[in-house]
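2 protein chains.
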Amino acid sequence: MGFKESLDTPCLVVHQEILEQNVAEMAEYAASRGIKVRPHQKTHKTAEIARMQMEAGAIGGTCAKLGEAEVLIDSGALDDVLVANEIVGEQKIQRLLALMERAHMMVAVDGVDAAQRLSDACEQAGKQLDVLLEVNTGLNRAGLKPGEEVLALAERVGEMRGLRIRGIMTHEGHVAAAKDADDLVEIARDAGTNLVATAKLLRQNGFDIDVVSVGSTPAAFATTTIEGITEMRPGTYVFNDNMAFRFGRVTPDRCALRILATVVSRPAPDRAVVDSGSKTLAMDPSPSKKGFGYVVDYPDATIVFVSEEHGVIELPENARDLKVGDRIEIIPNHVCPTVNLQDEMFVVRDGEVVGCWDVIARGKVR
Amino acid sequence: MGFKESLDTPCLVVHQEILEQNVAEMAEYAASRGIKVRPHQKTHKTAEIARMQMEAGAIGGTCAKLGEAEVLIDSGALDDVLVANEIVGEQKIQRLLALMERAHMMVAVDGVDAAQRLSDACEQAGKQLDVLLEVNTGLNRAGLKPGEEVLALAERVGEMRGLRIRGIMTHEGHVAAAKDADDLVEIARDAGTNLVATAKLLRQNGFDIDVVSVGSTPAAFATTTIEGITEMRPGTYVFNDNMAFRFGRVTPDRCALRILATVVSRPAPDRAVVDSGSKTLAMDPSPSKKGFGYVVDYPDATIVFVSEEHGVIELPENARDLKVGDRIEIIPNHVCPTVNLQDEMFVVRDGEVVGCWDVIARGKVR
Numbered sequence: 032m033g034f035k036e037s038l039d040t041p042c043l044v045v046h047q048e049i050l051e052q053n054v055a056e057m058a059e060y061a062a063s064r065g066i067k068v069r070p071h072q073k074t075h076k077t078a079e080i081a082r083m084q085m086e087a088g089a090i091g092g093t094c095a096k097l098g099e100a101e102v103l104i105d106s107g108a109l110d111d112v113l114v115a116n117e118i119v120g121e122q123k124i125q126r127l128l129a130l131m132e133r134a135h136m137m138v139a140v141d142g143v144d145a146a147q148r149l150s151d152a153c154e155q156a157g158k159q160l161d162v163l164l165e166v167n168t169g170l171n172r173a174g175l176k177p178g179e180e181v182l183a184l185a186e187r188v189g190e191m192r193g194l195r196i197r198g199i200m201t202h203e204g205h206v207a208a209a210k211d212a213d214d215l216v217e218i219a220r221d222a223g224t225n226l227v228a229t230a231k232l233l234r235q236n237g238f239d240i241d242v243v244s245v246g247s248t249p250a251a252f253a254t255t256t257i258e259g260i261t262e263m264r265p266g267t268y269v270f271n272d273n274m275a276f277r278f279g280r281v282t283p284d285r286c287a288l289r290i291l292a293t294v295v296s297r298p299a300p301d302r303a304v305v306d307s308g309s310k311t312l313a314m315d316p317s318p319s320k321k322g323f324g325y326v327v328d329y330p331d332a333t334i335v336f337v338s339e340e341h342g343v344i345e346l347p348e349n350a351r352d353l354k355v356g357d358r359i360e361i362i363p364n365h366v367c368p369t370v371n372l373q374d375e376m377f378v379v380r381d382g383e384v385v386g387c388w389d390v391i392a393r394g395k396v397r
Numbered sequence: 032m033g034f035k036e037s038l039d040t041p042c043l044v045v046h047q048e049i050l051e052q053n054v055a056e057m058a059e060y061a062a063s064r065g066i067k068v069r070p071h072q073k074t075h076k077t078a079e080i081a082r083m084q085m086e087a088g089a090i091g092g093t094c095a096k097l098g099e100a101e102v103l104i105d106s107g108a109l110d111d112v113l114v115a116n117e118i119v120g121e122q123k124i125q126r127l128l129a130l131m132e133r134a135h136m137m138v139a140v141d142g143v144d145a146a147q148r149l150s151d152a153c154e155q156a157g158k159q160l161d162v163l164l165e166v167n168t169g170l171n172r173a174g175l176k177p178g179e180e181v182l183a184l185a186e187r188v189g190e191m192r193g194l195r196i197r198g199i200m201t202h203e204g205h206v207a208a209a210k211d212a213d214d215l216v217e218i219a220r221d222a223g224t225n226l227v228a229t230a231k232l233l234r235q236n237g238f239d240i241d242v243v244s245v246g247s248t249p250a251a252f253a254t255t256t257i258e259g260i261t262e263m264r265p266g267t268y269v270f271n272d273n274m275a276f277r278f279g280r281v282t283p284d285r286c287a288l289r290i291l292a293t294v295v296s297r298p299a300p301d302r303a304v305v306d307s308g309s310k311t312l313a314m315d316p317s318p319s320k321k322g323f324g325y326v327v328d329y330p331d332a333t334i335v336f337v338s339e340e341h342g343v344i345e346l347p348e349n350a351r352d353l354k355v356g357d358r359i360e361i362i363p364n365h366v367c368p369t370v371n372l373q374d375e376m377f378v379v380r381d382g383e384v385v386g387c388w389d390v391i392a393r394g395k396v397r
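Same order as they appear, the protein sequences are chains A and B.
So the first sequence is numbered by this note's numbering: it starts at 32 and just counts up by one.
So the second sequence is numbered by this note's numbering: it starts at 32 and just counts up by one.
Just so you know, the hints here were simulated from the structure itself, not pulled from any lab data.
Do not rely on the hints blindly, as some may be mistaken.
What the hints assert, rightly or not - Residues from chain A that face chain B, not an exhaustive set, calculated with beta carbons under 10 Å:
#1 L38
#2 V44
#3 R148
#4 A152
#5 G204
#6 V216
#7 D241
#8 F276
#9 R280
Stated by the list, open to error - DSSO-like mimics (lysine-lysine), calculated; alpha carbons at most 27 Å apart, straight line:
#10 B:K67 / B:K176
#11 A:K321 / B:K67
#12 B:K320 / B:K67
#13 A:K210 / A:K158
#14 A:K321 / B:K231
#15 B:K210 / B:K158
#16 B:K67 / A:K320
#17 A:K176 / B:K176
#18 B:K321 / A:K210
What the hints assert, rightly or not - Only some residues are given here: those of chain B computed to face chain A with a beta carbon under 10 Å:
#19 R126
#20 L175
#21 E179
#22 T261
In this text, all values refer to a predicted model and were calculated from it rather than measured experimentally.
Cβ coordinates follow ideal geometry from the N, Cα and C atoms, glycine included.
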């Protein structure tokens, strides 16, 4: 029986052939440029895919929170993790110290006070923690401005005996605002250029900067064209999503993860309701397509409205054969929060379910 | 130690005094109008609050999916559940039959084909399932148009021997589009009027309509003023949220559930970053306030941007004393999807943590 019939819905389906192709392609690209890959685990949150990435040559993993790092290290899939985030609070510092006993850890730092607390705790525990200074290249989230602001932080952190500056990092997620493919490349290259210039400034001031690290799948093939970037942290590339279609970068057949949904109501000729709403699709908007996801076999259909358990699909003339009970695949706008909503993903190969992977880092927000 | 210091963040905090007040107020209101309460469980997803609602006089629970019903019935908190949704697919029909062995179940029906499959399965199992016909009073999700469309369905379902029509239901969630308090009341009363008129039409045609059921907390005190409504299914009222502030209906001190967050970065004078992003706050927009939540002690601060693990707060002059490590409470825009993102909620009374409730129906999308 094919996967569309054998599974209950809504659920996550990962097409293994596409996943393998995506992992291999990024590994080959990075190798061709001599850049290290430290894939972001937030996209898949599974030990199985972490292992695939390591086998393809990744140097370790990137996590958003300590909780993700804990379960992925405990699974045995990773033993070298960058938490690309600021670690604040006594509970978290103790958890980080515990993780340092069983894996190589790095974290981001963007302020003196938080860094000092981290350093004091490490020194007291007789440890030294590797840190990357976080640089704001335009997203305006965390991180300091490139250049002098980062240098001033480096001078303070450089004196802290519990910390060791290993390099600098940015997340150039502001490429999401790009108007077209050329604009995206320009924004990404600007970010990369500012980051590399900051690395140079730090080196001129005596700092040993090994790691110059960039993130973001949409920008992956652009930021990394700047000479001096040493590491990339793409996440979404393993699955791709509706965002990734933008500007023709990938096609839907390169999107490995889909939501399998069932039509549960056909209350009007131009309207179908599926059993997948915001609790399954998430609510991230798509800059490339109206609505809350891409309906694989009905690309002209639009998911115009979601409530938690309902997706309301507006059907053009060519999609009105959809009937109650039909199963459809939906590519999410943003795959990472979608994965976070489920406990497992079903693995499909040649159209049949061949496995089930636990989303072990689901919900690890702490 | 107060809850703000003792808990790791981000996490859900429920203020028990406010919760108790909210549950009591709705029970009193319904009793004063002679309307039965069948609270929607999707808001809290916990056995503890289901029990509180039953003790306050609820006649049973409403669930969005069978999976929610399964865990809440298994917990012993509920033995009478309406799944206010269409049940489609063989796996789900079998699960529903199994639930009918241990609880009184009702489900929504809005189409002949799906109803026939349900009926056939019930008949084959020697059972009869209570159903409510779903009426679309303006949300344009599932449900048939009031009046003749519903009557036509009733005539077909009335012949199905596995089903018993118990009444009709609507979800008047389209009050969310109201422009002001008067407009909200008008939309809700229109929905209620159309629903009651449909019940009358069905009765005139010989159908025994016991249940005339409405949903939606924002509309709860308006729809139920229409004579002939017998049952209400409010959900959000137990906690309230940023949506509930609209038009002055409630004040923030009636919002029982908050996200406790930590400031992790202060990269610019007018910007703070907290450890709570879309994976904690969810991304539902608020029609009443810009941004992704209401910062309790800094009502003029705006959460202008969220990524998965970061909330970026724009700070007006009067909120710039926020520093790294500070803990703040955030009231979510829409509390239901926020609760769905966590495995537990911490119970606070008199400012101290007094318990922890498992969100047992989290992620039950099937």
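task: Quickly compare the C-alpha distance for A:K210 and A:K158 to 27 Å and report which way the hint goes.
output: 46 Å, violated
field: Proposed interface contact between B:T261 and chain A, which counts if any beta carbon pair is under 10 Å
entry: 24 Å, violated
- prompt: Given B:L175 was flagged as interface, is its beta-carbon under 10 Å from a beta-carbon of chain A?
  reply: 6 Å, holds
- request: With a cut-off of 27 Å on the C-alpha distance, tell me whether A:K176 and B:K176 pass.
  value: 57 Å, violated
message: Please verify whether B:K67 and B:K176 have alpha carbons no more than 27 Å apart.
response: 24 Å, holds
B:K320 paired with B:K67 [C-alpha distance capped at 27 Å]: 33 Å, violated
task: Double-check B:E179 for me: the hint is only fine if its C-beta lies closer than 10 Å to a C-beta in chain A.
output: 14 Å, violated
message: Just to be careful, I want the Cα atoms of A:K321 and B:K231 compared with a cutoff of 27 Å; is the pair within it?
response: Outside the cut-off at roughly 40 Å; violated.
- request: Would you check whether A:D241 satisfies its interface hint, that is, whether its CB is within less than 10 Å of any CB in chain B?
  value: Status violated, d = 23 Å.
query: Against chain B, with CB atoms and a cut of 10 Å, does the hint on A:A152 hold up?
result: Constraint on A:A152 not satisfied, violated at 13 Å.
- prompt: Is the hint on A:V216 kept, meaning its closest Cβ partner in chain B is under 10 Å away?
  reply: 22 Å, violated
task: Identify whether the interface hint at A:R280 stands, where standing means a beta carbon of chain B within less than 10 Å of its own.
output: Violated. Min distance 20 Å.
Comparing the model with each earlier hint shows violations of hints 2, 4, 6, 7, 8, 9, 11, 12, 13, 14, 15, 16, 17, 21, 22; every other hint is respected.
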